[in-house]
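Peer 1: Each chain is listed here by its residues.
Number of protein chains: 2
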Amino acid sequence: MASTCPINASLVLLGDRWSLLVVRDLLFAGYRTFNQFLHAGEGIATNILTDRIERLIDAGIITKGPDPDDGRKWLYSLTPKGIDLAPVLLELSKWGSKYENGIAPPGVLESWEADRAGFLTELAKRVKTTQRQPKTARRSR
Amino acid sequence: MASTCPINASLVLLGDRWSLLVVRDLLFAGYRTFNQFLHAGEGIATNILTDRIERLIDAGIITKGPDPDDGRKWLYSLTPKGIDLAPVLLELSKWGSKYENGIAPPGVLESWEADRAGFLTELAKRVKTTQRQPKTARRSR
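As you go down the protein sequences, you meet chains P and A in turn.
Heads up, the first sequence is in the numbering used here, so the first residue is 1 and it goes up one at a time.
Heads up, the second sequence is in the numbering used here, so the first residue is 1 and it goes up one at a time.
Watch out, some of these pointers could steer you wrong.
The list treats identical chains as interchangeable, and a pair is accepted whether it falls inside one copy or across any two copies.
Below, in silico cross-link-like pairs of lysine to any residue (SDA-like), each with a Cα-Cα straight-line distance of 25 Å or less [stated by the list, open to error]: (1) K81 <-> K98; (2) K98 <-> I53; (3) K73 <-> G60; (4) K73 <-> V12; (5) K98 <-> L123; (6) K98 <-> S3; (7) K98 <-> G118; (8) K98 <-> T63; (9) K81 <-> I53; (10) K64 <-> A117; (11) K98 <-> R116.
The hints are simulated quantities; they were obtained by calculation from the structure and are not laboratory data.
One chain only, chain P, in its complex shape (with noise of 0.2 Å):
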């Protein structure tokens, strides 16, 4: 018998760390490209990172496009799909930092709180914004 649960559904294409932690990058740090990625701060292996990307397009979490700065290099951007995922980061972050010493950049988590869809209109429109100028966001890192 399948499982129909909804929670299930979600934790089979996201039930694993280094996804998860692909899908923040691109969310709240505005990184777009496989070394940025990379170097994240969690240390991700190369072959782990390469499979999460492959799992996170084919799930249609996020896409994959040139760099029009450099055509050799490819930029990944987040589809509405995967900016819809930032409420359950938000609350990973929220318990991470109430039980596991997580420290959440200042004033994200009040944000949150005190208006949770005003805060998602707004990450929704940096997210688009960012992923509209590949050059300024490459370089952010």
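Using the hints, position chain A against chain P.
Peer 2: Same frame as chain P, now just chain A:
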């Protein structure tokens, strides 16, 4: 350099499909026993379940105690740290319902959206009541 990111901190503990499914079963299905988790519908293997339960205990997310009705059996309970994972699971449910054809129980996501604080208070109350009544909970699946 160790990451201080609270999302990463959470995912180090939870970045695994099976761990969060055990939390889901305790939180929403009222399950308390190893056999209930084992037969929850997603086909977790016995050795994986044993491992994930140990990790969740080590992380302070669940506790294990003797079944008052049968001292040879164990019952599992969520700690407050475990109950506080509800928002993460509800956001995963919302995303999985929207994008992955998961089907949440009727009304749950609507109630969550309408009044998050009230929803969490009710849920925590229900979990605590279930955890005081091992007999009922054990027979509930």
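Peer 1: Look at each hint and say if it fits the structure.
Peer 2: Hints, verified against the model:
Within a single copy, K81 and K98 get their C-alpha atoms only as close as 27 Å, which misses the 25 Å cut-off; across copies the closest is 9 Å, which meets it. Proximity of K98 to I53 under the C-alpha cut-off of 25 Å is restricted to the inter-copy arrangement: shortest distance 22 Å between copies versus 29 Å within a copy. For the homomeric pair K73 and G60, the shortest alpha-carbon distance inside one copy (20 Å) is at most 25 Å, but the shortest distance between copies (44 Å) is not. Neither within a single protomer nor between protomers do K73 and V12 lie at most 25 Å apart by alpha-carbon distance, with minima of 30 Å and 31 Å respectively.
In this assembly of identical chains, the alpha carbons of K98 and L123 lie at most 25 Å apart whether taken from the same copy (23 Å) or from different copies (19 Å). Only between protomers do K98 and S3 lie at most 25 Å apart by alpha-carbon distance; the minimum there is 16 Å, versus 32 Å within a single protomer. For the homomeric pair K98 and G118, the shortest alpha-carbon distances inside one copy (23 Å) and between copies (20 Å) are both at most 25 Å. Taking the shortest alpha-carbon separations for K98 and T63, only the inter-copy value of 19 Å comes in at or below 25 Å, while the best intra-copy value is 33 Å.
In this assembly of identical chains, K81 and I53 lie within 25 Å of each other by CA distance solely inside one copy; the values are 15 Å within and 31 Å between copies. For a Cα distance limit of 25 Å, the shortest separation of K64 from A117 qualifies neither inside one copy, at 28 Å, nor across copies, at 39 Å. For the identical chains of this complex, K98 and R116 are neighbours both inside a copy (19 Å) and across copies (18 Å), given an alpha-carbon limit of 25 Å.
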